[in-house]
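Taken in order, these protein sequences are the chains called S and G.
For what it's worth, the numbering used here labels the leading residue of the first sequence as 1, then goes sequentially.
For what it's worth, the numbering used here labels the leading residue of the second sequence as 1, then goes sequentially.
Because the hints were derived from the structure by calculation, they are not lab data.
Take these hints with a grain of salt, some might be off.
Capping the alpha-carbon separation at 27 Å, the derived lysine-lysine pairs in DSS-like fashion look like this [stated by the list, open to error]:
(1) Lys-262(S) x Lys-256(G)
(2) Lys-274(S) x Lys-129(G)
(3) Lys-245(S) x Lys-256(G)
(4) Lys-282(G) x Lys-262(S)
(5) Lys-129(G) x Lys-209(S)
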Amino acid sequence: MIEVENVHFSYPNGVEALKGLSLVIKNGEFVAIMGQNGAGKTTLVKHFNGLLKPSEGIVRVNGVETTKTSVAALSRNAGFVFQNPDHQLFSETVEEEIAFALKNFGFEKEAIEKRITWALNLLGLAQYRKTSPFLLSGGERKRVALSSVLAWNPETLILDEPTIGQDYQQKEKLRQFIVQMQTQGKTVVIVTHDVEFVAECNPRVVLMKEGTVVADGEGREILTTPEVLSQSSIVLPQIAQIFMKLTPLGLPKNIIDVYEAKEIVLKALEKRRK
Amino acid sequence: MVIIETKNLSYTYPGGTKPSISDISIKVEKGEFVLITGPSGCGKTTLCRCFNGLIPHFYQGELKGEITVAGIDTTTHETHAMAKSVGLVFQNPENQLFALSIEKDVAFGLENLGLPREEMRKRVDWALKLTDIYDLRERSPHEVSGGQQQRVAIAAVLAMQPEIIVLDEPTSFLDPLSAEKIFEVIHDLNKKLGITVVLVEHRLDLTAKYADHIIIMNEGKVCFDGDPREILSTEETRLIGVGIPKATFLYHILRKEGMNLGNLTPLSSEELAKLLQEAFEKA
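The following block holds chain G by itself, in its conformation from the complex (with noise of 0.2 Å):
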């Protein structure tokens, strides 16, 4: 079942000279762990302003063409009413926090829902401890570090349970056993609640591994999308700014100087790792 699906969306920032996205079409099915990546400035995070609606009600500018997100049509609903089938988290945490404390900020979207007490507060407090910030709760989201503050965005996310969660750079504050973590935490929710994950990210070493689906975006347009290892088997990929993963590299580099190490491209240390030790074997 598609649950994303964009046919020649354009978008023009307002006092914008030309479009931020162009001509974008994509399909993106119910369950997949997508990963959305391409040059700094190529249009990602406006990409994802449409899937929650906040393009065009929140930002304004002109769109162009078709958006339907969980079977809703975003151009015609307002953001609010897409809360519940999609929750973003932003790439600043600063500019999605804003209660007095990590708890409210992260039961605010339940209490707008309308849920019960008590299925709120087991919400919140298992949202809070996933991403490890339960000690924190009664602090203000305003006097925790860079990376906590990331934490709680993706708390106050996670607890609403939306069937799609789209993410923009959600770890870049975090140090990278934390990082780790958080993907972890999030890769498991995918896996196991069948929640779509739209991430947006720059470090492939990180990410590639939990990708289902991979859209490589330049300048505005998709220049890849498809199956992860296809697409980062490419020479393009590299030149066009994607810092595909070491792995994935020194796999590549070790096949064009002849060494036979199969066809399917790793896309982490692991999976390398397994294949040298079986090229040694063999030898």
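Isolated chain S, as found in the complex (with noise of 0.2 Å):
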């Protein structure tokens, strides 16, 4: 559980970033961090693991203070995944950089080599496991920095811009993978401007806006309301946009589905010819 109370924090440079900010995480949600840019999503995530700590207020992380313990101690339970990869790749080979963290938990030597050839395998990255992570795309790196957090197999799990790069595949075993995370009532925090993967998923959504949380609910809802995703930078998904255009033929707008969208619009066209 992750409980965020009150937190207020500033930069060196004098920059508010969060500005009495609350919210909990219980154990096993799945959350959505939007917001637009410099909206304060990745200082907030980056309280989670004690990266940061709060100028005033409080981050607990299942039931410690995050300003009492190390980094290092809390990264065990919560890894994170930057949003750009280049901010945390930096050894010779992918096979390396995913062996870094788990030699430094301690893992045994047969462990380390059955969570690699483990995460490699689920991330389609085993080609590579002798390559370095430099001569890969950027789609690539994204996930050689995904699967080496996901080798320790955390708790929760931070992902800052996860999609980024990534295709739809890629995606797909991304959403499928976060899926069997909270079937293992793991906790999975994305921060993200994706409001089609955000469509896919349905998760819980918490909008920001400059340093405070505007909205918090079932992604379905909040994305299927306009007037509370503009002032927070956030498009419509495309298949809400479709059906916000068709409300004058009766339709419901809050639909983000395409295969409930065709049920809908079939259903609907059949009553009308009747």
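Since each chain comes alone in its own frame, lean on the hints to assemble the complex.
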């Protein structure tokens, strides 16, 4: 459980990125944090593994205040994948990159071997095991960063813009993986601008603006409320855009899923023909 | 007029075991808005690096085949000789920015062109305003957010007013509304000034509607090349991992159920909403 109580945070240059923010994320939840550039999303999630400590207020992770423990101790439970993989990758080979944290956490050699193989297969990177991460494409480097965190199987996964540079199939795999994490009771927090990805996953959405939370609720509701989205620079998912234009025909407006959209259109059309 | 042409172009990075792109033969017409897409790792970025000569001059490695961009053979002309003709916006803006202020970064290329001071001032301000970073001009490009850095990289290329702009996932760090605004600016320059645009993108929901021409790559090769509406109508594009726009996909699955929506594949929510309205009115 992550508890954020009335947290303020200012960077050394004086910019106040969080302005009295409160939020509770329960174990096993899947939360998408959305909002415009500079809203404080990344600053907020960096508090979840202690990379940043609040200037004022309290952040508790599983009951422990982040100011009273180390980033190393918090990281074991909360794996963090950065927005830009180049801020994270440094090893000579993909394999060493993944082994690094596992060694630090004191895993046995055999376990390390097994976990590397598992993480590489999961993200379709097996053929790059001995390759330098810097020879890979942007999208592939992003997956190496992700696999290096998944390998130690943290209870909470924090992903900053995980879908950048990922194609449709990779995104679908990521979605399935997140669903699998949830069935194991794990917590997943993503920071994202990718409205189409959020529309497909339908997680809890926390919408931020200027260091505060402006909306918090089911994805389907928030992503179909244009007045709320526009103040955070988020556009409606494409399916919601279509249904917004079809309300004069008596169709519902809170639709984000393409297959649900199909059923609704076909039924409405049949009704009209009768 | 053809402005970019490659014939059987193949390239292997130094130390690479297999080619990153192989046997690429494409033609881009002057003034086109071309969208290049395909699964992660398919060679999109590598192809872009050939367009301004970064491959082979900076990356070295082994390049085979022919490539002509704006009438110049990029294999025999250094990257700086291409700078006037081709502007490349990199995937990662940090690889591109280096000056002490955003304004200086945007002015750098113009200084190298030897433009008069007033002309430079005019173009820098124009580019900063178009990309909505005029107020940030005195800040360091390294202390602003990833999204703002992307705006700086785009402004620096726009200021050069090259014949061809190549953009490699230029708005990945920007929020959707800001990304849309940037794409509108680029589309506008394409239509008004006739600048040829080559855009690499996965997010076709945002960008398919601008494209006159789409190239889909897979495993280093071109597998589809042509009209976006025709190509995005095929089942195979989805199978290889191309995220076709949701509106286009919904159109396909509704037609499969026998709904009459006409033969022109929609590429945006506006287009599909219109088709659906018409279908309901007829019913």
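A quick look at each hint next to the structure:
no. : hint                    : result
1   : Lys-262(S) x Lys-256(G) : holds (11 Å)
2   : Lys-274(S) x Lys-129(G) : violated (55 Å)
3   : Lys-245(S) x Lys-256(G) : holds (23 Å)
4   : Lys-282(G) x Lys-262(S) : holds (18 Å)
5   : Lys-129(G) x Lys-209(S) : holds (24 Å)
In the structure shown, a violation is registered for the earlier hint numbered 2 alone.
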